[in-house]
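Number of protein chains: 2
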Amino acid sequence: MNYPSIHLENVINEFSKLPGVGNRTALRFALYLLDEDERTSEQLAESIRKMRSEIKLCKHCFSVSDTEECEVCRDTHRNHSLVCVVENIRDVMAIENTNSYNGVYHVLGGVISPVDGIGAGDIKIKELVERIAKEDIEEIILALPTTMEGDTTCFYINKMVKDMDVKVSAIARGVSIGDNIEYTDEVTLSRSILNRLPFDKIYGR
Amino acid sequence: MNYPSIHLENVINEFSKLPGVGNRTALRFALYLLDEDERTSEQLAESIRKMRSEIKLCKHCFSVSDTEECEVCRDTHRNHSLVCVVENIRDVMAIENTNSYNGVYHVLGGVISPVDGIGAGDIKIKELVERIAKEDIEEIILALPTTMEGDTTCFYINKMVKDMDVKVSAIARGVSIGDNIEYTDEVTLSRSILNRLPFDKIYGR
Chain A
22 MNYPSIHLEN
32 VINEFSKLPG
42 VGNRTALRFA
52 LYLLDEDERT
62 SEQLAESIRK
72 MRSEIKLCKH
82 CFSVSDTEEC
92 EVCRDTHRNH
102 SLVCVVENIR
112 DVMAIENTNS
122 YNGVYHVLGG
132 VISPVDGIGA
142 GDIKIKELVE
152 RIAKEDIEEI
162 ILALPTTMEG
172 DTTCFYINKM
182 VKDMDVKVSA
192 IARGVSIGDN
202 IEYTDEVTLS
212 RSILNRLPFD
222 KIYGR
Chain B
22 MNYPSIHLEN
32 VINEFSKLPG
42 VGNRTALRFA
52 LYLLDEDERT
62 SEQLAESIRK
72 MRSEIKLCKH
82 CFSVSDTEEC
92 EVCRDTHRNH
102 SLVCVVENIR
112 DVMAIENTNS
122 YNGVYHVLGG
132 VISPVDGIGA
142 GDIKIKELVE
152 RIAKEDIEEI
162 ILALPTTMEG
172 DTTCFYINKM
182 VKDMDVKVSA
192 IARGVSIGDN
202 IEYTDEVTLS
212 RSILNRLPFD
222 KIYGR
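Sequences listed follow chains A and B, in order.
Residue numbers for the first sequence follow our numbering, so the first one is 22 and each next one is one higher.
Residue numbers for the second sequence follow our numbering, so the first one is 22 and each next one is one higher.
None of these hints come from the bench; they were simulated from the model.
A portion of the hints provided could be inaccurate.
As the list claims (entries may be wrong) - Pairs of lysine-lysine, DSBU-like flavour, derived with a Cα cap of 35 Å: (1) Lys222(A) x Lys145(A); (2) Lys38(A) x Lys80(B); (3) Lys180(B) x Lys71(A); (4) Lys180(A) x Lys71(A); (5) Lys80(B) x Lys188(B); (6) Lys80(A) x Lys38(B); (7) Lys77(A) x Lys38(B); (8) Lys147(A) x Lys188(A); (9) Lys71(A) x Lys71(B); (10) Lys180(B) x Lys80(B); (11) Lys38(A) x Lys71(B); (12) Lys38(B) x Lys38(A); (13) Lys180(A) x Lys38(A); (14) Lys155(B) x Lys183(B); (15) Lys147(B) x Lys180(B); (16) Lys155(A) x Lys188(A); (17) Lys145(B) x Lys180(B); (18) Lys188(B) x Lys77(A); (19) Lys38(A) x Lys77(B); (20) Lys183(B) x Lys71(A); (21) Lys77(B) x Lys155(B).
Computed from a predicted model, the values in this text were never measured in an experiment.
Model the full structure from these sequences, guided by the hints.
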């Protein structure tokens, strides 16, 4: 399609890079912004820019944060000897939303996926092992997606830490196979944390 | 939902103002931008800001343009005595895409809709009448949505110009009733322009 303005075309190109956004949706976004007050565009642009430049990864758990140390890691009322290992911050938000977990997190930033070229060195597994060696951690809960990649990552982590003084558990299989953590309803997710079982029981060795 | 960062929350709030975007989609957009290079965010923010501040409305037809006068109005090969009256620039783009129209446009910027508080004075009808009085216009083609509001607007415009020396036609009813111009397939839309009929034949008076 030909656009009557190069600026409009640029916005449409940029918007359609977003996941699930095609040219038509991008055009709809652009025309909405043109219809609205200039402040709406200004605020959207500013918030995007600010988020990207200001947001930090927590130095302990690699969750996103406005400070060096995230809110969860700073909270002294939480159980810092219990670490929930998740794929990404959407999972942290989903678990936080259940209001049934009082430990801290470790965000891997992905799972091992040879197909996508993601190996163990590309995600924060080394950092997790270092945390276990350095901090006083009693138990890690593996809350990774119940997919081939998630399982592979679980096995790998279990192998890396099995000689260390830490209990390894995995969230209960209330989460249906093939689903991602973030889309699970809160009751199932909450129960799967409460009913966690030792690694060997879950993975049947 | 609680977000771990105020900057993330701001972006999600701003994104979810866009049409059809809820909190979950907004979060997906935000996390995509966090995963990508900082340049992706920078370019998106810059293109939004630039579009909103640089884009102009053509002084003749009120279509969007990068210059005072849009490309269509500047084109001396087009028939400037034939004016197609449309609701918005999406309609201009849709008609331009058919490659079967050689006249110029007049973008009303809306249709009369008392329910939404949009009266005849809120859209560019006065400017259309002034154009007809001032310029050498032989015919206007009403290409407004075939809805109650579109029809109301057609009747109103016809009433305003009926004592002037201009032919009023409307696009043929190949466009199905209740549909908007922009979603019509190109063949139907192209045919509806070729088969246009005088106002009275279309509106059956």
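Here is how each hint holds up against the structure:
1. Lys222(A) x Lys145(A): With Cα atoms ~25 Å apart, Lys222(A) and Lys145(A) stay inside 35 Å; holds.
2. Lys38(A) x Lys80(B): Roughly 32 Å between the alpha carbons, so the hint for Lys38(A) and Lys80(B) holds.
3. Lys180(B) x Lys71(A): Outside the cut-off at roughly 52 Å; violated.
4. Lys180(A) x Lys71(A): This hinted pair is violated, its Cα atoms lying about 40 Å apart.
5. Lys80(B) x Lys188(B): Distance of about 23 Å is within 35 Å: holds.
6. Lys80(A) x Lys38(B): Satisfied, since the Cα-Cα distance of roughly 32 Å is no more than 35 Å.
7. Lys77(A) x Lys38(B): This hinted pair holds, its Cα atoms lying about 25 Å apart.
8. Lys147(A) x Lys188(A): Holds, at about 17 Å.
9. Lys71(A) x Lys71(B): holds (17 Å)
10. Lys180(B) x Lys80(B): holds (24 Å)
11. Lys38(A) x Lys71(B): holds (18 Å)
12. Lys38(B) x Lys38(A): Given pair Lys38(B), Lys38(A) holds - Cα atoms ~18 Å apart, limit 35 Å.
13. Lys180(A) x Lys38(A): Distance of about 39 Å is beyond 35 Å: violated.
14. Lys155(B) x Lys183(B): holds (16 Å)
15. Lys147(B) x Lys180(B): It holds: about 12 Å lies between the C-alpha atoms, which stays within 35 Å.
16. Lys155(A) x Lys188(A): holds (15 Å)
17. Lys145(B) x Lys180(B): holds (15 Å)
18. Lys188(B) x Lys77(A): violated (64 Å)
19. Lys38(A) x Lys77(B): holds (25 Å)
20. Lys183(B) x Lys71(A): Cα-Cα ~55 Å, so violated.
21. Lys77(B) x Lys155(B): Measuring from Cα to Cα gives roughly 22 Å; hence the hint holds.
Hint check: violations occur at hints 3, 4, 13, 18, 20; the rest are consistent with the structure.
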